[in-house]
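There are 2 protein chains.
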Amino acid sequence: MTDPRIARLSLNQKTVNRCTVAEAVDGCAEFGIPAIGLWREPVHDIGVRKAAGLVRDAGLRVSSLCRGGFFTVEEGPQRRAAIDDNRRAIDEAADLRTPCLVLVVGGLPSGSRDLAAARLRVSDALVELAPYAGERGVRLALEPMHPVYCADRGVLSTLGQALAIAEPFPPEQVGVLVDTFHVWWDPEVFPQIERAGSRIAGFQVCDWITPLPADVLLGRGMMGDGHIDFTSLRAAVDAAGYSGDIEVEIFNEEVWASDPREVLRTMVERYLGTVCGPPHQTPEGPRRPGG
Amino acid sequence: MTDPRIARLSLNQKTVNRCTVAEAVDGCAEFGIPAIGLWREPVHDIGVRKAAGLVRDAGLRVSSLCRGGFFTVEEGPQRRAAIDDNRRAIDEAADLRTPCLVLVVGGLPSGSRDLAAARLRVSDALVELAPYAGERGVRLALEPMHPVYCADRGVLSTLGQALAIAEPFPPEQVGVLVDTFHVWWDPEVFPQIERAGSRIAGFQVCDWITPLPADVLLGRGMMGDGHIDFTSLRAAVDAAGYSGDIEVEIFNEEVWASDPREVLRTMVERYLGTVCGPPHQTPEGPRRPGG
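Protein sequences appear in the order of chains A and B. Okay, so the first sequence: first residue is 16 according to this note's numbering, each after it adds one. Okay, so the second sequence: first residue is 16 according to this note's numbering, each after it adds one.
Simulated from the structure, these hints should not be mistaken for laboratory data. Note that beta-carbon positions come from the ideal geometry of N, C-alpha and C, so glycine has one too. A couple of the hints might just be wrong.
To be verified - Pairwise CB distance ranges (calculated):
#, chain 1, residue 1, chain 2, residue 2, range
1, B, 98, A, 89, 50 to 56 Å
2, B, 258, A, 226, 53 to 59 Å
3, A, 273, B, 150, 54 to 60 Å
4, B, 187, A, 230, 40 to 46 Å
5, A, 131, B, 89, 57 to 63 Å
6, A, 233, B, 91, 33 to 39 Å
7, A, 96, B, 132, 54 to 60 Å
8, B, 112, A, 254, 48 to 54 Å
9, A, 64, B, 268, 47 to 53 Å
Said to hold, decoys possible - Facing chain A, according to a computed beta carbon distance under 8 Å, are these residues of chain B, among others:
#, residue
10, 35
11, 38
12, 72
13, 73
14, 75
15, 128
16, 162
17, 173
18, 200
19, 202
20, 229
21, 231
22, 244
Next comes chain A alone, as it looks inside the complex:
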């Protein structure tokens, strides 16, 4: 019997990184997970049409497509190629009937130390892409990334900054993605979630674990294994009016090496125990993961 509280749970495909789209879709079906967040590369492996069919036949929603972005380079052929690729990503999102294309904006261009210029180019890219997305019913979701990735992956470092960039655009064209891993440390996270309101295009969860593994890209933990208070962040996102899917997205070599069915079982259990935890809890007692 499926716990009714998983009605908003979504499996981001990255959590079972070694699975094909078909395997991930089967896993969702088996565990009663009603939505999936897809990545472009495994979708391309079988073709967008086939992926869309698999998802539809299983009765799943596609909560998001990951990812567009990487458009912080100066004007020139490389930038044009990036913008074109983002248009294709928008088309794919439309074909997959997902309301949300996640954007990881990119780091500092090679050899540059001009962070302000790189950040301005994010706004410039949106000027080109937002109307195109809007016409296809796809919303671009700016994902602020943990500052540890500022140099090489995402110059968008806080939710406040993402909102400042999103706000000149219509909310149905440009929103923000709130990922607990990226924002949990931010002293302004709660007021900024409130400010975000209907701009919240997606909510992803995974934990901040210590010590960080050698490859900081793979330092994301299963909920309950780290330091993040999910209940408060989820309550804030809900209070801001977000009622969409909650994706579990975990980059972690150990998780990836595990049996995917075990990963899904744990994920559902931890989701119920941490993200769906009681709204008011003892301020300081350690929470039992999966309890």
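Since the structure of chain A is already known, use the hints to place chain B on it.
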């Protein structure tokens, strides 16, 4: 002949981590570096009085003492011990005649996910320590740390947050330390440096390098080896009214394994080429380190 621009340069002892106080002091004298930032552990190795004598005899200033802090735990014996240790650190700073005790506030207490409570305890600790410091002519310098350290080392994550905590106290008792490594990514860093004004109690430089080494604690690079635009940050700190020492503080296994004289030689060269670089530079061209 010593370049007159090194008049504000200070060697933070951590940069030559394997040197004793005497060796570090000798190195400063040899390269014409007029100030040194000391760490408590090597100072304890020879005693505070002896360390103070070595520095005085070499005609050096002590730009700062590292470090107090680590007071985010709940009330109880562990917290009392931390507060007592901070009082001793203040006494040592006074004995060393440094105007600045650097505070690394500490991470989440073990088992806790209550970041807000940990942050409040920083303010509580200052209520106890600030007057004690003020009476001894020592200023407590709150160091916002890169969010990568939020869980396990420093829950103070931005300059704005550090200022909000510092501002209720007299500026001569509580200031902030600006370290390029910790703040460079912050979209608010320039307005917050301006806001800081006379609260700036110290300025430290080192670079953000990629890829980060396996131990993120040792991921700090020599200026010019990474992504930080030092000229702009230094200009902002100067414009805010800071005219004190500029410490080079590098945690890096490779630097530590090098001949300390070579490290000092490179440090001086890079300081002149990056931190003292021309105030207006091509927005995007890569700067030649040490040029």
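Status of the hints after comparison with the structure:
no.	hint	verdict
1	B/98 - A/89: 50 to 56 Å	52 Å, holds
2	B/258 - A/226: 53 to 59 Å	39 Å, violated
3	A/273 - B/150: 54 to 60 Å	58 Å, holds
4	B/187 - A/230: 40 to 46 Å	45 Å, holds
5	A/131 - B/89: 57 to 63 Å	41 Å, violated
6	A/233 - B/91: 33 to 39 Å	36 Å, holds
7	A/96 - B/132: 54 to 60 Å	48 Å, violated
8	B/112 - A/254: 48 to 54 Å	52 Å, holds
9	A/64 - B/268: 47 to 53 Å	51 Å, holds
10	35	29 Å, violated
11	38	31 Å, violated
12	72	40 Å, violated
13	73	35 Å, violated
14	75	31 Å, violated
15	128	4 Å, holds
16	162	4 Å, holds
17	173	6 Å, holds
18	200	4 Å, holds
19	202	4 Å, holds
20	229	4 Å, holds
21	231	6 Å, holds
22	244	4 Å, holds
Of the hints listed earlier, those the structure fails to meet are numbers 2, 5, 7, 10, 11, 12, 13 and 14, in rising order.
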